[in-house]
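Engineer: Given chain A's structure and the hints, the job is docking chain B onto it.
There are 2 protein chains.
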Amino acid sequence: AALSRQIQSSAAAAVAGREALRQAVVNTLERRLFYIPSFKIYRGVAGLFDYGPPGCAVKSNVLAFWRQHFVLEEGMLEVDCPCVTPEVVLKASGHVDKFTDLMVKDEKTGTCYRADHLIKDFCKEKLEKDAALLPPEKAAEFQHVLAVLDDLSPEEMGAKIKEYGITAPDTKNPLSDPYPFNLMFQTSIGPSGLSPGYMRPETAQGIFVNFKDLYYYNGNKLPFAAAQIGQAFRNEISPRQGLLRVREFTLAEIEHFVDPEDKSHPKFGDVADLEFLMFPREEQLTGKSAVKKKLGEAVSKGTINNETLGYFIGRVYLFLTQLGIDKDRLRFRQHLPNEMAHYAADCWDAEIECSYGWIECVGIADRSAYDLRAHSEKSGVPLVAHEKFPEPREVEKLVITPSKKELGLAFKGNQKMVIEAFEAMKETEALEMKVALESKGEVEFHVCTLNKSVTIKKNMVSISMEKKKEHQRVFTPSVIEPSFGIGRIIYCLFEHCFYQRPSKAEDEQLNVFRFPPLVAPIKCTVFPLVKIEKFDVVAKKISKALTTAGISHIIDITGTSIGKRYARTDEIGVPLAITVDSTTSVTIRDRDSKEQIRVDIEEVASVVKEVTDGQSTWADVMWRYPTHAVSHTDEEPADEE
Amino acid sequence: AALSRQIQSSAAAAVAGREALRQAVVNTLERRLFYIPSFKIYRGVAGLFDYGPPGCAVKSNVLAFWRQHFVLEEGMLEVDCPCVTPEVVLKASGHVDKFTDLMVKDEKTGTCYRADHLIKDFCKEKLEKDAALLPPEKAAEFQHVLAVLDDLSPEEMGAKIKEYGITAPDTKNPLSDPYPFNLMFQTSIGPSGLSPGYMRPETAQGIFVNFKDLYYYNGNKLPFAAAQIGQAFRNEISPRQGLLRVREFTLAEIEHFVDPEDKSHPKFGDVADLEFLMFPREEQLTGKSAVKKKLGEAVSKGTINNETLGYFIGRVYLFLTQLGIDKDRLRFRQHLPNEMAHYAADCWDAEIECSYGWIECVGIADRSAYDLRAHSEKSGVPLVAHEKFPEPREVEKLVITPSKKELGLAFKGNQKMVIEAFEAMKETEALEMKVALESKGEVEFHVCTLNKSVTIKKNMVSISMEKKKEHQRVFTPSVIEPSFGIGRIIYCLFEHCFYQRPSKAEDEQLNVFRFPPLVAPIKCTVFPLVKIEKFDVVAKKISKALTTAGISHIIDITGTSIGKRYARTDEIGVPLAITVDSTTSVTIRDRDSKEQIRVDIEEVASVVKEVTDGQSTWADVMWRYPTHAVSHTDEEPADEE
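Residue numbers (our numbering), protein chains in the order written: chain A, 1 to 641; chain B, 1001 to 1641.
Treat the hints as calculated values from the structure; they're not laboratory data.
Worth double-checking, as some hints may not be accurate.
[Stated by the list, open to error] Here are the in silico distance ranges between beta carbons for each label pair:
| hint | chain 1 | residue 1 | chain 2 | residue 2 | range |
| --- | --- | --- | --- | --- | --- |
| 1 | A | G110 | B | P1154 | 37 to 43 Å |
| 2 | B | P1154 | A | K544 | 54 to 60 Å |
| 3 | A | E427 | B | A1064 | 49 to 55 Å |
| 4 | B | P1390 | A | A14 | 50 to 56 Å |
| 5 | A | A629 | B | K1388 | 35 to 41 Å |
| 6 | A | K108 | B | G1094 | 19 to 25 Å |
| 7 | A | E394 | B | A1064 | 29 to 35 Å |
| 8 | B | E1107 | A | K405 | 45 to 51 Å |
| 9 | A | P169 | B | R1373 | 54 to 60 Å |
| 10 | B | R1373 | A | A14 | 47 to 53 Å |
For clarity, every value in this text was computed on a predicted model and none was experimentally measured.
Note that the Cβ used here is the ideal one computed from N, Cα and C, for glycine as well.
Next up, chain A with everything else stripped away, as it sits in the complex (with noise of 0.2 Å):
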């Protein structure tokens, strides 16, 4: 008991270190407006929330940085669809009758939460405050429901909810059963009322209806991907984990399609000696950690399903380290044979280690034909790829062949669901009947759509195999899906880039965000050291070369203390910054080394660019340029705010 209350009072203190840290990250973006509650003055809407001036500049860095990582350098197609989208796509796609969470209502007020929320809430509550009380038993259950928890029908949570006497949270009241609750926003389109339509839950739908143009576009030719950024919307029914957990929300999605029999990628070598924390199903199914792994072995070896599928992790793997993510707080997550949809041949998440835990931010899916299929069907447009033959081919292939008019004596208006039962057969059960029918005459068939089986006479139906030439094969394409949640991806960045230093004139810390050039939402601030008319000149001149090369910046003329000065733009994670101390040459400082060099006038923009840029680092261009004596720092006492 003594031991396990250690533990808990030791993970306790993990809890409350990072919900301090978070305190501080969330408190200077909300001061500095990287973020801002949505409608504040009008008390806000849970789940929504704007980006402030700083915040869109990262955003717009960020996806820059991804059109430049994937869309250009991989030649993607990039496509631009509305959110407005119609009912008829949206049942296709699965998403009207399976894009749902449970809810559950207190009776008496009528506020809503998620079944699923309170349950685990519930069982974390006891097995972290009543962990030294608990019986082993009983532990041991609410771990299982925990891990189980997402696979629970609705009557199997009303019963959890019913045993364990969970009421609402806010009010003690009792709870309605849980039922569905649709997540899309819904709307209507034009003014009949009559076409009912949604908010898009995610831009892939988007790529898929466009497959036939895409694929002509691209030269009838496989492999190609596409790529989609765009708004999405998701109605959470009590949104909560504030920025990471929206209602609306930026994807960045790519659809790369590509012939089922070859998943091969021309690429794959340029990623292969990548070393990177993954943790495969069967490290999760065995209690085990995460591991380094060669992204190359995990493909041969058969961790990770293909190559393609591995290029792509490869790849989200640079992208988000290269943004600033700290790799020993990424890892690459497979998901178990529960999680994963049916038709999926794999799927690996990118999770990123915040305040919050390990939180999804990618999603990387081998989802096999199964989205163009769904649409081929619904709208009647193969959606398919052709490979021609050099020469054609001879092949056997099964025909079978309906007797409408024995089929509709005997079985009347049920004859659609048998014929489709008949075209739905495999190769080896059609033989099957066939050797049934011409030994006994008739068999028995069971149609899955009437729930019954059906006697099948041998007049009802032809079966054989067939030599045909064949001058291509047409198949549907297998789809490789990386989705990014941008905003779940900023916020990360947001926790990975913060820390605290010690100001040596106070005993207050001092914010900073260690921005990489590349999303730093200004690249640059300007400081006329102190208020006279020639440094305000220079300052200006400045300020116009930097504008010419086309870098963000900021000139700040207040009066305020030098130190305070660059307090300011550390805290928005600004990584250069020029003071004017002289009509001929200014300081350079940078951010995180404190460090500073002094250049000419003429020369400023030029060096800010090739550090901002990335040609150069800090390193570089020290040693090119005379250090600066340490004279007007970041030491100065802070004065008035």
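Structural biologist: Same frame as chain A, now just chain B:
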């Protein structure tokens, strides 16, 4: 009659010419996937379009340039707010009550039409087709109806529909009376069904509600501008005009906040000398045409209300013409008094002429303090600015003190309206009332909200001028709003950049988009002249160098003739084409002049970058490299597709 028939037929020819151009442009755009009707495999949804790969690239280039030209150059505060908006915000802005179009329904089928469209079509048809037979007074009436159409009430439109016997266009069934239909897509936020929300009809409101934070972020200083790029939605009754009137579109909006007493602009001098087509109110009302004017003069003469408005008009002119909009088909049209909201100080539209006529693409409005006041009132949060005086000022201030007791006795429930009417009085009115009350003891006072006059007695209100010391001025800033319809600008750009040139080999016309490199979807193509390995190796090497330089490009290795391949990339507006015809140097061809130069392989990427970044023109590089004799050219016959 003969003359009028002649005018009619030349007008008809012009219409036919415009429609032929549009058909050619739209065919090219759809065939090359600049646009795709959204959800095409499900037969589409009127008013929704996708940008396919080249369209999407043009759009992101336009937006990147917008950010550079406005946000970066002017140091604007960019924000990014959600599309989902709670009702209270759009109630305050007036959209819930007034963002409507008048609709009529086919009384039998229920099909909906815009009432003004039906009347407009009727009048136009009469004026165009029946011109020869139309008595002059009838013609004048139809002209008049067209001019005032936007101002007609539902009842007046209903009367016109009855008078003209207008029926449903498709069925000739009778129509319902016109009634307002709100154009916002409605939805519901959260699971309760009790929080109505809308998809935003503009991005501006997200900025207004954040004014307080943004003002603080800007160091509590005016003027400053905030900007936002994002999706906006408009649930059109029956979308027409193809790509110009759609149900979802991208807006880029700027809200420039300024002291209403000082609308000068420090950088106005930079644009004062620009000279371009303006169409002031005066010219429109006297039946004249748009005239070329200097911007500086238009502001100094008061044609344009103030410098800040003028500055943005100039910046918009530069933006559009640098994108490739033809300056002779661009005009700035001032709103007529009846078009402008009552609170607006002045308003100009950048209109671009295309095959649909003159299209409003950017609105530049001085909206005075309307929006901030509306949100202050509704939210109770003061959205104001402060000007601190260097030393306190003594001011005379009107003080109106209503006597609630006397007013309550006299007006009971109407008391509130009377007090509000007191508060709304201008200084002169209040002083007149003071004089009247002192001399006559009572006065008749019109109360708008009661829609009648009431008698005010001396004991009901005290009015006086009092001296006060003021330390600061508190005021609601004015806002000057340039609002860009990005999709409309892009469509007009497509028409302005499109031309056809003859193919020598055949009688067909070749389509070309003369996009400036800035907006071209792909900057360069690489063609190996013939399919041999050593040329492929060179092509790949060049491709790698282009990727490193961040230049979007495609390699076309199909065996098609070089002429055909040039034609293909001309059709999507690629400025430069590289043909690999040796292993040491290659040719670079300019799209519009078809001139070719020969450049060493090592230098190719940097030459392409120079031209497509805009550092050099084609003419500049032409001088530096040997001209390539036309051996593999456009002149070759096009062979297969």
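Engineer: Each of the hints needs a verdict: does it hold here or not?
Structural biologist: Consistency of the hints with the structure:
Against the hinted window of 37 to 43 Å, the Cβ-Cβ separation of G110(A) and P1154(B) comes to about 38 Å, which satisfies the hint. Our hint of 54 to 60 Å for P1154(B) and K544(A) holds, since their Cβ atoms are close to 55 Å apart. At roughly 54 Å, the beta-carbon separation of E427(A) and A1064(B) lies within the given 49 to 55 Å, and the hint holds. At roughly 55 Å, the beta carbons of P1390(B) and A14(A) sit within the given window of 50 to 56 Å.
Taking the beta carbon of each, A629(A) and K1388(B) are about 39 Å apart, inside 35 to 41 Å as hinted. At about 38 Å, the beta-carbon gap between K108(A) and G1094(B) misses the expected band of 19 to 25 Å. At about 55 Å, the CB distance of E394(A) to A1064(B) disagrees with the hint of 29 to 35 Å. At about 48 Å, the CB distance of E1107(B) to K405(A) agrees with the hint of 45 to 51 Å.
A C-beta distance of roughly 40 Å is found between P169(A) and R1373(B), which places it outside the suggested range of 54 to 60 Å. The hinted window of 47 to 53 Å between R1373(B) and A14(A) holds, with their beta carbons roughly 50 Å apart.
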